[in-house]
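*Asks:* So the protein lines, in turn, are chains A and B. Residues 51 to 319, numbered by the numbering used here, are exactly what the first sequence covers, in order. Residues 134 to 1142, numbered by the numbering used here, are exactly what the second sequence covers, in order.
In silico BS3-like cross-links for lysine-lysine, where the CA-CA straight-line distance does not exceed 27 Å:
| no. | chain 1 | residue 1 | chain 2 | residue 2 |
| --- | --- | --- | --- | --- |
| 1 | A | K57 | A | K112 |
| 2 | B | K599 | B | K630 |
| 3 | B | K1065 | B | K938 |
| 4 | A | K112 | B | K156 |
| 5 | B | K156 | A | K57 |
| 6 | B | K766 | B | K1065 |
| 7 | B | K373 | B | K1079 |
| 8 | A | K90 | B | K156 |
| 9 | A | K112 | A | K90 |
Hint data in this document are derived by calculation from the structure and do not stem from the laboratory.
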Amino acid sequence: MDSGNSKVLEAQRLYGRLETSIFARNFDSARAFLNQLKVKLTEFSGLPPLYRHTSTQVEELKLARSILEQAVLLSVGTEDQESFELHFLQLKPYYTDTRHLIPPSNFEYIMLGLNLLRLLVQNRIAEFHTELELLSPEALKNDCIKIVVELEQALMEGAYNHVLRSRKVPHDSYNYFINLLAKTVRDEIAGCSEKAYDFLTLDDAKTIFKFTRDQDLMTYISEEHPDWEIRNRCVYFQKVKDFSLCKEIPSLQLINQTLGYARELERIV
Amino acid sequence: MTVASTASGLLAMLQEQQPQLKKYALHNLNSLADSFWHEISASISTIESFYEDEYFEQRELAALVASKVFYYLGEHNDSLTYALGANSLFDVLEDSDYVRTLVAKCLDHYIALRKTREGEGATAIDPRLVAIVERMLDKCMQDRKYQQAIGMALDSQRLDKLQEAIRKSENVPGMLAYCFRLARTHVDKREFRQEVLRLIVNQHQGLHSPDYLTVCQCLMFLNDPQTVANILDKLIKGDKIEALLAYQIAFDLFENENQLFLLNVRDRLPEARAGSSSGGGENTETTEQNGMMDVSTSAEAATNVEDSQDNIYVDRMGKLKGILSGETPIHLTLQFLYSRNKSDLLILKTIKHSVETRNSVCHSATIYSNALMHAGTTVDTFLRDNLDWLSRATNWAKFSATAGLGVIHRGHLQQGRSLMAPYLPQDGGTGGGSPYSEGGALYALGLIHANHGEGIKSFLLESLRKTNNEVIQHGACLGLGLAALGTADDEIYEDIKHVLYTDSAIAGEAAGIAMGLLMVGSASDKAGEMLTYAHDTQHEKIIRGLALGIALVVYGREEEADTLIEQMTRDQDPILRYGGMYALALAYRGTSNNSAIRRLLHFAVSDVSDDVRRAAVLALGFVLCSDPTQTPKIVSLLSESYNAHVRYGAAMAVGISCAGTASSEAISLLEPLTSDAVDFVRQGALMAMAMVLMQATEAREPHVAVFRRQLDKIVSDKHEDTMSKMGAILAYGILDAGGRNVTISLQSRTGHDRVMAVVGMAVFTQFWYWYPLTYFVSLSFAPTAFIGLNHELRMPKFDIISDAKPALFAYPAPTAPPSVNVNIKLPTAVLSTSGRSKSKAKKDTDAKTKAEKQPDTSSQMDVGSSTGATAATSEAASTAEPPEESSSGKEAAKDGSEAMEVDSAVEKKAVNPEATSEVLSNPARVIPLQEKYVRFPEGCRYAPVKRTPAGFVMLRDLEPSEPVELVSTDSPASPAPAGGANGAPAAAPIPMGGVDLEPAPPEPFVYVP
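Input sequences plus hints: build the corresponding full structure.
*Replies:* The following block contains the structure:
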């Protein structure tokens, strides 16, 4: 028991340092601490999937949960979506399976909302809805979740302005994803514009792309669409509009084939 | 209890950088795989990549997890691959479905690999797979499940493990017996079977008291005459019981009918040399009649001289060689068949009357039928009674009529040649008789000496060389083939080949068959030669003869014959394909080999030639003859085929494999076919039904009575087709074959195939093309006898008990009241015997006394049988009779003439229908199905050496000091013995092995050419 206790204590110490380094946005040292902590976690038997009842189980669970929550935040900080997913998946059992063992975490809804947002950004709509279905009604009422749900609805409707306008976030970590989302939306708009127009005036383009300043528009164009040409305060979409003619349906051939089959069928019988 | 609801966390952890985390995740995944395999399966590629990463520490663990997931996905092959990758982590001892399934899979895989291993290069088997199998085997042995271990070892062809399992088991002899049985029934690869048998032999030899019976069976299979000879020699040097064992071994070997092997064993036995010159060994070495010294005389001689060790040895050696050369068993069998003959002449008479004489097919069918009914009994009364009628047979019918005598006198080795003398070709060319009867006589000699032709070979060869007539050549070839069955004698082969190359259709056909008979089972390269000639010749008959011959050559060679079979079955000529079917049948006889069955079924439905299809279906009967219950199931669909030839084949297949079983499935399959629309299908079905119902009684199988009535109807119906009529007549012959004392069995009691029987059956089925080949069926007749012998190879008098209702296994009732029967036949008896005794002019006085005695005994018999008819034959009355006779026998014993007499004590008709058991006295008729009911009574003076109470059984005398009462076979009470209750006195004089008695040929009854 003592050794278990001391292990927990040591891990808790390490956790403190992890928290501070994340807070200080010192991501490299944070990552190093995290790696040490994760190895330590494998020695705790009270954690999923074993759930051994030990004297330190509650402590272990709480600690592990906090560590993983910090790990998720760290991934957001380092803008690493892969690591985000990894850690979130490891974290998830603490929200679902351990409800009767430890009190709910403060970060729970933030984490869930972040995950939903991530799925939305990655355009994994099916998983998004699966996750959504698993949530309790209370959770759905929570702001952290609600905002994501609304975003999704706006996206589906095509209410891009609504998406781009939402800037009020429940937690700082949301910003990363929201920005990503905004970029996604602009890309969508750009794609549509290319198809729809030969050219647009800069003013119109500004409105369509929901930029407030000309400068932002110019940066966006130069970064994302260098092939667009700007002449006479107009944006020319160079895209070759080779909408290939609809292929003609080989109806005559099909009819002949079908008739042939019918004839042969009759012959066989 | 908190249970994990998902494994996604762990799966995520697999993506981590640190190896510790991966290990942790894998470890947990391994334990959760049973419930979360579906989640893991999504990331299976990750786990696989871990396994493939050679630097990853836990690759075995990864393999185990992957294996489990694949197992749940139903991908057992992948699962097995990874399980092998998991090495020791895959715990064969774990008690879970996963492990059990995989271990089974593993074994299957391993067995399959071991079986294909024989191919080129012998690809090495994954050592990990081997390790698992070996772990399993070791586990079996630890758990003392030795039978399982033996089965696995046999299946996977691991001799080392087999040996280990046998050695470790507590009950080594039992395990060896088990192994022996498995090797015979389940090992389908011939080579490996031989290795196993070799191993069994070696193990046996390591035992304190080996089971020599089994050992010698194995050695016979291995074709190792030298070792058998050594064992036998050792045994007869030992005490009395060991000598008995040696005799028993010899008898058992004899039952398997492998002539070449028996002769080899005999020749390898040391020459018996001793002070006394009257060694039996010398006598058996010499050939021809004068060498056929009867065993009893040599025994007598031996008892006269000093009882020294040497003399005993010489005496025993003589007896042993007598058994091995076939003389003793054939002699005893003949005695049995003769004395117990219960054939019903009235049936033949009815047939004869109802058959139109002008119809030559039915006429000769009746002759065939008679021959079969009396096969081996030496009773030719019917022929003698109907000489006029018989003389209507001309040309080939005459050939078969003469050959029929050979069937009747089958095994009559001493007298065979003198019996046939009147018909044989004379030295001065074909002076007297017609070539047909001469050819037939040579064929008959072959039948008499079938498989034991040492004495007659040279004579037949001589006859073959001397003639240019193709009919005689035909007979001589068949005769030679039969007599020299399986001896692979090069000299004979060359002569027969010479006949073949004359390109005469008739002689060539017989030559082809004879070559096959000669080389049976030798797989000699002569087959190639024969095949070439079959392609060269124009005559269909020759091609057919050769095709069958080739099939005979590959007899029993199983997969060794596959190349040749393939060659034949792909041939353009349907006759050769037909031969290919027979080659399949014979090469895989009695093995139930799946690949053979598959090929046959394929040809049965796909070949363009009706003949080939018929042969293919028929061949199934041979392949499945060890497992009669299977055949009706397999051919049941074919028996409903639209193609009449296939239906015929199905009927015959059932007949062949279910012969003598009276199985109800077989009967219900055959029954509709006996009233088929096509005549030859009816013919086949009737004969097949007769084979199935051989020796069946109404009490056991009520259909027998129905069938007999049906036969009756067909024979007497004027409008019936000739073909089915012939079938019915032959069916009668088969049904009552050998005086109702034989059955068709293609396997000996020890489970080996009887070479002669299978060969005989195969050639018999050629009667479709050539009627005289019908006689070959007599080769497959096996006497259903229990013959107990003491150490002197004589039959002591004692009883055994059959714990079954007597009616179950009784003889069928005669067709008419016995009194009528007796009245009809009595005169014949007197006439023929007196005629015979006259012919023995040398011993006038003897003949007179006999002639006087004859009426006495027969009248005595008359009384006895009439009392029998009233079903009041009390035990007392019947047992009282033999002593009387034997006492009279002792008086005449000085004459040295010996003859048989019927022991009427064995009146086995039900004394009391309600009885649940009956007493049989030695020698007794015990039919195969009855064997399990037969036992030795408690307090019996004799104890058997082997367990099965059938066939030749050597007896241990438990009270050697008491005087031995022998069954009076050698008492010459009456030279022409009364014919038992059915009152059919055998006209043929049969002085069995009398040394100083003139060979007395029967009265010749030459039917006018």
